[in-house]
Every structure is written in C-alpha cells, then in structure tokens.
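Peer 1: Sequence:
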Amino acid sequence: MAPTCGVCVEGVSKYKCPSCLTPYCSLPCYKTHKSVPCTGPPPKPSTGTDDDDARQPPRTFEENEDESGWRLRRAQLEAIASSDDVRRMLRDEELRKILRRIDSSLSPEKDLDEAMEGAAFKEFTDKLLAVVNSEEKSLVTET
Numbered sequence: 446m447a448p449t450c451g452v453c454v455e456g457v458s459k460y461k462c463p464s465c466l467t468p469y470c471s472l473p474c475y476k477t478h479k480s481v482p483c484t485g486p487p488p489k490p491s492t493g494t495d496d497d498d499a500r501q502p503p504r505t506f507e508e509n510e511d512e513s514g515w516r517l518r519r520a521q522l523e524a525i526a527s528s529d530d531v532r533r534m535l536r537d538e539e540l541r542k543i544l545r546r547i548d549s550s551l552s553p554e555k556d557l558d559e560a561m562e563g564a565a566f567k568e569f570t571d572k573l574l575a576v577v578n579s580e581e582k583s584l585v586t587e588t
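Sequential numbering from 446 applies to the sequence shown in my numbering.
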C-alpha cells in the first residue's frame with residue numbers, strides 16, 4: 446500500500462522532504478510543510494552489529510592531497526551523474542550497501558578489493574570507467 450501524504454493526509458505521497466523525510470503528495474503540500482521548519486531526519490536505529498564499530502564517518506579530502514591527480518574533474522563527475530546506466534545501477538540496494546560500506550570503512554582499499562570480486566560491483570566499476578573515458582575523449586576532441 447502506498448504511503449499517504451504527511452501534510453494533507455489524503456493524497457498518495459509521491460515525494461519525501463529531503464530534510465526530515467516527511468512524505469507529501471504535491472507542490473502545495475510541500476509549500477505547506479516547508480512553512481514550518483523541519484525537525485531533521487529521524488535517527489537511524491543502531492543495528493547492534495560489530496560492523497558499526499569498524500565504520501567511520503565519511504572522509505573529507507583536502508585540496509592539496511598528494512594523490513590529487515587521481516581525483517575526477519567536474520566534467521567527469523557530471524558525466525557520471527548524468528549517465529542513465531549508472532543511475533539505473535545505483536537503484537540496486539545491494540550495490541548501494543557495498544558503496545556505503547567502502548565509503549565508511551576503516552580500510553577502504555581492502556573492502557574495495559573484496560567488492561571487486563563480485564560481478565555486480567565489477568560491472569558497476571566498468572561502467573564508471575567507460576563513462577569517464579568517454580568524457581575524457583570528448584574533452585580531448587573539443588580542444
């Protein structure tokens with residue numbers, strides 16, 4: 446059963462507030478909801494697994510890191526973000542779990558190596574490389 450609108454409590458919700466995840470059905474309901482400050486997203490319950498202890502918050506990168514040559518340029522990131530194939534692949538919940546695990550890991554290289562053994566993750570990385578490489582080629586031909 447589809448969730449109902451958290452504002453008018455009549456319509457079927459198609460959207461969620463990005464701040465507090467309250468479901469709403471239309472632009473008028475969104476505007477009504479936004480007229481009152483959001484409370485923020487509800488806290489996620491702890492799963493109580495040992496994996497929670499082995500995770501850390503996402504890392505921040507500074508502009509002058511030694512490996513800055515390995516970072517993607519804005520055009521490459523935009524190409525990835527606009528790729529229909531990448532977006533389709535990111536709908537897979539299992540792939541999203543793998544990406545979250547790598548991102549929050551204390552040893553991301555190890556987790557990345559393990560993930561590369563799976564067919565779905567390997568296919569995803571191959572698609573990312575294809576998108577980045579095609580963007581690279583288009584940048585070269587434009588200049």
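Just so you know, these hints were derived from the structure itself, not from any lab.
Errors might be hidden in some of the hints.
To be verified - Straight-line Cα separation of at most 20 Å, EDC-like style, residue types lysine to aspartate or glutamate; simulated pairs:
# : residue 1 : residue 2
1 : Lys-461   : Glu-538
2 : Lys-542   : Asp-571
3 : Lys-572   : Asp-530
What the hints assert, rightly or not - Label-pair ranges, simulated between beta-carbon atoms:
#  : residue 1 : residue 2 : range
4  : Leu-466   : Leu-535   : 10 to 20 Å
5  : Ala-564   : Arg-532   : 35 to 45 Å
6  : Arg-532   : Cys-483   : 20 to 30 Å
7  : Lys-461   : Gly-563   : 26 to 36 Å
8  : Cys-453   : Glu-562   : 43 to 53 Å
9  : Asp-558   : Val-457   : 40 to 50 Å
10 : Val-481   : Val-531   : 31 to 41 Å
Just so it is clear, CB atoms sit at the ideal spot from N, CA and C, and this is done for glycine as well.
Peer 1: Any hints this thing doesn't respect? Which numbers, in order?
Peer 2: Violated hint (a single one): 5; every other hint is consistent with the structure.
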